[in-house]
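Dock chain B against the given chain A, drawing on the hints supplied.
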Amino acid sequence: MVMVDWLTAPLQYEFMVKALLVSGFVGVVCGVLSCYMILKGWALLGDAVAHAVTPGVVLAYVLRLPLALGALVFGVGAVWLMGWIQKQTRIKEDTVIGLVFTGLFALGLVLISKTPSNVDFLHILFGNVLGIPTSEMVQTLVVGTVTLAVLLLFKNDLLLFCFDPTHARAIGINVTGLHYLLLTLLSLTIVVALQTVGVVLVVAMLISPGATAYLLTDRFDGMLIWSVLSALAASGLGTYLSYYLDAATGGCIVLVQTLLFLLAMLWAPKHGLLRRVSRPG
Amino acid sequence: MPQTPSIAVENVTVTYHDQVALYGINFALPPGTMVGLVGMNGSGKSTLFKTIMGFITPKTGRVWIEGLPIEQAQKRGWVAYMPQSEQVDWQFPVRVQDVVMMGRYGYMNWLRIPRPLDRRIVEMSLQQVDMLPLKDRQIGELSGGQKKRTFLARALAQQARILLLDEPFNGVDMKTERAMIQLLMHLRDTGHTILVSSHDLSGISTFCDQIIFINQTILAYGATQEVFTPENLNRTFGVTFPEATS
Chain A
1 MVMVDWLTAP LQYEFMVKAL LVSGFVGVVC GVLSCYMILK GWALLGDAVA
51 HAVTPGVVLA YVLRLPLALG ALVFGVGAVW LMGWIQKQTR IKEDTVIGLV
101 FTGLFALGLV LISKTPSNVD FLHILFGNVL GIPTSEMVQT LVVGTVTLAV
151 LLLFKNDLLL FCFDPTHARA IGINVTGLHY LLLTLLSLTI VVALQTVGVV
201 LVVAMLISPG ATAYLLTDRF DGMLIWSVLS ALAASGLGTY LSYYLDAATG
251 GCIVLVQTLL FLLAMLWAPK HGLLRRVSRP G
Chain B
282 MPQTPSIAVE NVTVTYHDQV ALYGINFALP PGTMVGLVGM NGSGKSTLFK
332 TIMGFITPKT GRVWIEGLPI EQAQKRGWVA YMPQSEQVDW QFPVRVQDVV
382 MMGRYGYMNW LRIPRPLDRR IVEMSLQQVD MLPLKDRQIG ELSGGQKKRT
432 FLARALAQQA RILLLDEPFN GVDMKTERAM IQLLMHLRDT GHTILVSSHD
482 LSGISTFCDQ IIFINQTILA YGATQEVFTP ENLNRTFGVT FPEATS
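Residue numbers (our numbering), protein chains in the order written: chain A, 1 to 281; chain B, 282 to 527.
Hints in this document: simulated from the structure, not taken from any laboratory.
Treat each hint with caution, since some may be false.
Said to hold, decoys possible - Below 35 Å or equal to it, Euclidean Cα-Cα: the simulated DSBU-like pairs (lysine-lysine) are:
| no. | chain 1 | residue 1 | chain 2 | residue 2 |
| --- | --- | --- | --- | --- |
| 1 | A | Lys40 | B | Lys416 |
| 2 | A | Lys155 | A | Lys18 |
| 3 | B | Lys456 | A | Lys87 |
| 4 | B | Lys428 | B | Lys331 |
| 5 | A | Lys40 | B | Lys331 |
| 6 | A | Lys270 | B | Lys456 |
| 7 | A | Lys92 | A | Lys40 |
| 8 | B | Lys356 | A | Lys40 |
| 9 | B | Lys416 | B | Lys428 |
| 10 | A | Lys87 | B | Lys356 |
| 11 | B | Lys416 | A | Lys87 |
| 12 | B | Lys356 | B | Lys416 |
| 13 | A | Lys155 | B | Lys331 |
| 14 | B | Lys416 | B | Lys331 |
| 15 | B | Lys331 | A | Lys92 |
| 16 | A | Lys155 | B | Lys416 |
| 17 | A | Lys92 | B | Lys340 |
| 18 | A | Lys92 | A | Lys114 |
| 19 | A | Lys87 | A | Lys18 |
| 20 | A | Lys270 | B | Lys416 |
| 21 | B | Lys356 | B | Lys331 |
| 22 | B | Lys428 | A | Lys270 |
| 23 | A | Lys40 | B | Lys428 |
| 24 | A | Lys92 | B | Lys416 |
| 25 | A | Lys155 | A | Lys40 |
| 26 | A | Lys114 | A | Lys87 |
| 27 | B | Lys356 | B | Lys340 |
| 28 | A | Lys155 | A | Lys92 |
| 29 | A | Lys92 | B | Lys456 |
| 30 | A | Lys270 | A | Lys155 |
| 31 | A | Lys40 | A | Lys18 |
| 32 | B | Lys428 | B | Lys456 |
| 33 | B | Lys428 | A | Lys155 |
| 34 | A | Lys87 | A | Lys40 |
| 35 | B | Lys428 | B | Lys356 |
| 36 | B | Lys331 | A | Lys87 |
| 37 | B | Lys331 | B | Lys456 |
So that you can see chain A by itself, here it is in the shape it has in the complex:
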């Protein structure tokens, strides 16, 4: 009964119902995308794009454009810029990524400090799912649904793109197109996740669920399912924790995700540390 009360008590507040819905939904979208990020090795790129979209989001806010548009332009633009710089100079990829994303993030911070109504922009950095306005909630749901639909429709093409782009090219599949498709989906997912955890922690949403799932299964469909389940569990549990501890929601969600990853690392059926030790041979 205590457990039931623990779960139902916060639901009398509309803001908690909204927060649970949004963070759960964000968990599902991020759970699916994170599988591709893990398998493509785009974790660092995901973090970079998440920071690089900041000025885009601020500008879109000031110009009253959809935040998704600003994020998309800066997200895809940042990756294009990284590629261009790498071609023009002798600087290695990881350095270029670091340069571009910190540069754009700094631009975002300067724009934030020069714009009135600073409070809203703190939400860009750290998320504010408990106070999410209905208009932004609708935007999150629309952008997230579109992203999720495209991810699932192109599931197999994107999987092939991650696994073996050479073969994809050999059978006449447009690999460059898939590259930019995944990049666009990444930028859109970041917009979706911004409300919940903010720019700084969004990379956790983009990689933790996939990493956890990767340890639990050797099948891609299984990975998708585990990833979504672990992201959902983290979003739900994290939001409740933040309510009871009166702590930052984004931080709580990411902490639960990290905890789930550690549990998988220890007890995963085949790849877990404890299983490996106890198995003979």
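Below, chain B without anything else, positioned relative to chain A:
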């Protein structure tokens, strides 16, 4: 009437950062032939494969696949390519049958949902390389030879008329190699054109109809019994092969 060559390479030159990798490459492979590509490491064998596949744009010259540019031949699924070392992540969560199914993607609609026909062809291809019992294995749990056979099965499932195989017998045991050669000869007999590179010189002369000797440019090209001579081996490898004729 002359047949359209399966692969026609016309006056191809490839450079990497001003270094010449290939120059003056000309040949036309007739349909239904098995052609061996022989040369030292660094002689441009893999570069030639990648150029035929359109992954490298040649500085001069053109490549034609059955009279079409490579991009169009690829869209039609005509060309299967097995790179020298698969640049794939072996920990990737895909099973043997998932990999072979990727050979069928070109035939599916854009949702890539396998039809019963695709499943049947995947099973047949796995059967042909004797990998059917391992179809549910995650690919990282395979031996080197089993990995090669999996990717060969994918090429079979693609039902391409032209197969480009870069060192397919690398890291493969003798028994598997013999089985793979049997399979390739059967494919050749059913009209496929196969370009295969190998560093196993004595082997390649026994099952190839034609041989291309390469070292940045073509040193010799022709029917195996005519060009597989000590002189050509000598020119290709720069060492003497007194007993290479057999």
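Hint check:
1. A:Lys40 to B:Lys416: holds (24 Å)
2. A:Lys155 to A:Lys18: Satisfied, since the Cα-Cα distance of roughly 29 Å is no more than 35 Å.
3. B:Lys456 to A:Lys87: Violated. Lysine 456 (chain B) to lysine 87 (chain A) sits at ~46 Å, over the 35 Å cutoff.
4. B:Lys428 to B:Lys331: holds (21 Å)
5. A:Lys40 to B:Lys331: With a Cα-Cα distance of about 23 Å, the restraint between lysine 40 (chain A) and lysine 331 (chain B) holds, given a limit of 35 Å.
6. A:Lys270 to B:Lys456: It holds: about 32 Å lies between the C-alpha atoms, which stays within 35 Å.
7. A:Lys92 to A:Lys40: holds (19 Å)
8. B:Lys356 to A:Lys40: holds (24 Å)
9. B:Lys416 to B:Lys428: holds (12 Å)
10. A:Lys87 to B:Lys356: At roughly 29 Å apart (the allowed maximum being 35 Å), lysine 356 (chain B) and lysine 87 (chain A) satisfy the hint.
11. B:Lys416 to A:Lys87: The given pair, whose Cα atoms are some 42 Å apart, is violated under the 35 Å limit.
12. B:Lys356 to B:Lys416: The hint holds at about 27 Å.
13. A:Lys155 to B:Lys331: holds (27 Å)
14. B:Lys416 to B:Lys331: holds (29 Å)
15. B:Lys331 to A:Lys92: holds (25 Å)
16. A:Lys155 to B:Lys416: holds (21 Å)
17. A:Lys92 to B:Lys340: holds (26 Å)
18. A:Lys92 to A:Lys114: The hint holds at about 33 Å.
19. A:Lys87 to A:Lys18: Violated, at roughly 46 Å.
20. A:Lys270 to B:Lys416: Holds. Lysine 270 (chain A) to lysine 416 (chain B) sits at ~19 Å (cutoff 35 Å).
21. B:Lys356 to B:Lys331: holds (17 Å)
22. B:Lys428 to A:Lys270: holds (21 Å)
23. A:Lys40 to B:Lys428: With a Cα-Cα distance of about 21 Å, the restraint between lysine 40 (chain A) and lysine 428 (chain B) holds, given a limit of 35 Å.
24. A:Lys92 to B:Lys416: violated (40 Å)
25. A:Lys155 to A:Lys40: holds (13 Å)
26. A:Lys114 to A:Lys87: Holds, because 34 Å separates the two Cα atoms, which is no more than 35 Å.
27. B:Lys356 to B:Lys340: Holds. Lysine 356 (chain B) to lysine 340 (chain B) sits at ~23 Å (cutoff 35 Å).
28. A:Lys155 to A:Lys92: Roughly 31 Å separates the two Cα atoms, so the pair holds.
29. A:Lys92 to B:Lys456: violated (44 Å)
30. A:Lys270 to A:Lys155: holds (25 Å)
31. A:Lys40 to A:Lys18: Since the Cα atoms of lysine 40 (chain A) and lysine 18 (chain A) sit roughly 33 Å apart, the hinted pair holds (cutoff 35 Å).
32. B:Lys428 to B:Lys456: Between lysine 428 (chain B) and lysine 456 (chain B) the Cα gap is close to 15 Å, so the pair holds against 35 Å.
33. B:Lys428 to A:Lys155: Measuring from Cα to Cα gives roughly 24 Å; hence the hint holds.
34. A:Lys87 to A:Lys40: holds (21 Å)
35. B:Lys428 to B:Lys356: holds (26 Å)
36. B:Lys331 to A:Lys87: holds (21 Å)
37. B:Lys331 to B:Lys456: At roughly 29 Å apart (the allowed maximum being 35 Å), lysine 456 (chain B) and lysine 331 (chain B) satisfy the hint.
Violated hints, in rising order: 3, 11, 19, 24 and 29; the structure is consistent with all others.
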